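Chains as they are written, first to last, in this note's numbering: chain Z, 1 to 110; chain H, 1 to 110; chain V, 1 to 110; chain W, 1 to 110.
Hints in this document: simulated from the structure, not taken from any laboratory.
Hints may contain errors.
[What the hints assert, rightly or not] Computed, partial: chain Z to chain H, Cβ under 10 Å:
(1) Val9
(2) Phe19
(3) Asn33
(4) Glu41
(5) Arg64
(6) Glu65
(7) Asp72
(8) Glu73
(9) Asp76
(10) Leu82
(11) Leu88
[As the list claims (entries may be wrong)] Computed list of lysine to any residue pairs in SDA-like fashion (alpha-carbon distance at most 20 Å, straight line):
(12) Lys66(Z) x Arg102(H)
(13) Lys66(Z) x Leu88(H)
(14) Lys66(Z) x Gly89(H)
(15) Lys66(Z) x Glu44(Z)
Owing to the predicted nature of the structure, the values given are computational and were not obtained by experimental measurement.
Beta carbons: idealized from backbone N, C-alpha and C, even for Gly.
There are 4 protein chains.
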Amino acid sequence: MTRHDGLDVAGLQRRLAEFAQARGWEPYHTSKNLAVALSVEAAELVEIFQWLTPEESARVMEDREKAHRVRDEVADVLAYLLQFCEVLGVDALSALSDKIDRNETRFPVK
Amino acid sequence: MTRHDGLDVAGLQRRLAEFAQARGWEPYHTSKNLAVALSVEAAELVEIFQWLTPEESARVMEDREKAHRVRDEVADVLAYLLQFCEVLGVDALSALSDKIDRNETRFPVK
Amino acid sequence: MTRHDGLDVAGLQRRLAEFAQARGWEPYHTSKNLAVALSVEAAELVEIFQWLTPEESARVMEDREKAHRVRDEVADVLAYLLQFCEVLGVDALSALSDKIDRNETRFPVK
Amino acid sequence: MTRHDGLDVAGLQRRLAEFAQARGWEPYHTSKNLAVALSVEAAELVEIFQWLTPEESARVMEDREKAHRVRDEVADVLAYLLQFCEVLGVDALSALSDKIDRNETRFPVK
C-alpha cells in the first residue's frame, strides 16, 4: 500500500460497505438509487460554482468555508461512486485506465 | 503500489493531467467546467437506469451492452472528479476518509 | 387569457425578467449559468425522491413538508427554464408542441 | 386563450398525458422516474454549454445545429416537468407565481 491504512480505493470501498451494512442501509442501496444519489451530490458540487466566473472558480479554495464544502462534496461524490461500483462489481480504476487507453487512440496528439 | 503500474488514483490523475496538457485542453478545464462536466457524466450514468425497476437495476451488468455503458460512464465520472481535484489541489481519498470519520459520529450504530 | 393575470407562461417570464433586472442579477444570468442552475434545481427535486420506493414516491404529496418542497423545487425548475428561454429567445411552449408532433411520428401507437 | 389551440400549459400537459397513455408508458411514469428523467434532460441541455465561455454561450443560437439541440432539450425538460406535475397534481404555474411572491419579500429591491 502506498499510503497509510485505508487510504486506497479498495480500503475506502470496504469501509463504506461496512458502514452501510452496520446501519441497515443496504436495501436502499440499489444501483439505481446510488447512481441517482451520485448525480445529486455532483449537482451540490456544481452549486458552489454556479454563479462564479471562470476566474472566481479558480480561487474557490481561498475561501475557507467554500473550500470545506468543496472537499465535502468531493467526498460524497466519490462515496456514492464507490458504493455504486461495489454493488455492481465494477472496478472503477481499471474502467478509467481502459478509457484513457481508448481516448489516446480516439484523440491522437497532433 | 498495490496494483500494476498506473492503477492507483495518483497514477491515473497524472495520466489524465498529461493527456489534457498534450491536447491543449487545459484552458477549458476550469474547476467550474470540470464540476459541470462531472454532473453531466453522472446524469449519463443515471440515464441507463431511469426507467428500470429496482430489481432490473440490480441485473444491469447481465446485459453486455449496458454493462459496457456502465463501465464507460463510471470511468467518465471518475475522470472528471480526479481532474477537478487536480485543478483545485483536493485529495479525494483523504476527503472521503475524513467524511467517513465524521459520518461515524453523525450516524452512530444503534 | 385563460387564467387570472400573470398566470400564463408569458406573464411569469416577464415577472422573472423584471425581478432579475431590478436586482442587478442580469450579468450572472448567462445562458450557460441558467442551464446549470436549472440542472441544480432539478437535482434538488430528485433529492426528495432518491431513497423512496416507486410506491412511496406516489404518495409524496401526503406529507405536508415534502409536498411544500416539491412545489418549491418545481417552481425553481420552471423559473430557471423560463429565464434561460428568455435570454436565448426560445419559445418553450412551441418547442414542446413541435417535439410532441415529432414524437407522434417517431413512436407510432401500435 | 392567448395563443392557438394546445399552446398553453394545460393543453400541452393533456397532450403529454394522452401520448403516454396511448403507448402504455404510464407504469414507468412514477413521480420518482419523471423527476430523474427531468434531471437527465437538464444535464443534456447543460452538455451543450459545458466547454463554452460565458460569451460563447450567449451566441449559441447563431449555430443552426446547436440552436436545434437547445430547443429540443428545452422541450424535453418542459415535457418531463409537466408530466411530473400531472402525476402529483401540482400546478406548476401557480407554484412559480407563489415563489416569485415569496422571493419579492425575501430579496427586497434596495
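Cross-check of the supplied hints:
1. Given the 10 Å rule on beta carbons, the hint for Val9(Z) holds: about 6 Å separates it from the nearest Cβ of chain H.
2. Interface restraint check: Phe19(Z) against chain H, minimum CB-CB distance 6 Å, threshold 10 Å, status holds.
3. Interface hint at Asn33(Z): satisfied, since its Cβ lies 8 Å from the closest Cβ of chain H, which is below the 10 Å cut-off.
4. Checking Glu41(Z) against chain H: minimum C-beta separation of about 8 Å stays under 10 Å; hint holds.
5. This hint is violated: Arg64(Z) has a C-beta 14 Å from the nearest C-beta of chain H, more than the 10 Å allowed.
6. At about 15 Å, the closest approach between the beta carbon of Glu65(Z) and any beta carbon in chain H exceeds 10 Å, and the interface hint on this residue is violated.
7. Checking Asp72(Z) against chain H by beta carbon gives a least distance of about 7 Å; that is within 10 Å, so the hint holds.
8. This hint holds: Glu73(Z) has a C-beta 9 Å from the nearest C-beta of chain H, less than the 10 Å allowed.
9. Using the Cβ-Cβ criterion of 10 Å, the hint placing Asp76(Z) at the interface with chain H is satisfied: the shortest such distance is roughly 7 Å.
10. Given the 10 Å rule on beta carbons, the hint for Leu82(Z) holds: about 8 Å separates it from the nearest Cβ of chain H.
11. The criterion of a C-beta within 10 Å of any C-beta in chain H is met by Leu88(Z), whose closest approach is roughly 5 Å, and the hint holds.
12. Distance check on the hinted pair: Lys66(Z) and Arg102(H) sit about 18 Å apart at the alpha-carbon level, within 20 Å; holds.
13. Only pairs whose Cα atoms come within 20 Å are accepted, and Lys66(Z) paired with Leu88(H) is accepted, the gap being roughly 12 Å.
14. Between Lys66(Z) and Gly89(H) the CA atoms are separated by roughly 14 Å; this keeps the pair inside 20 Å, and the hint holds.
15. For the proposed pair Lys66(Z) and Glu44(Z), the alpha carbon gap of about 12 Å is at most 20 Å, so the pair holds.
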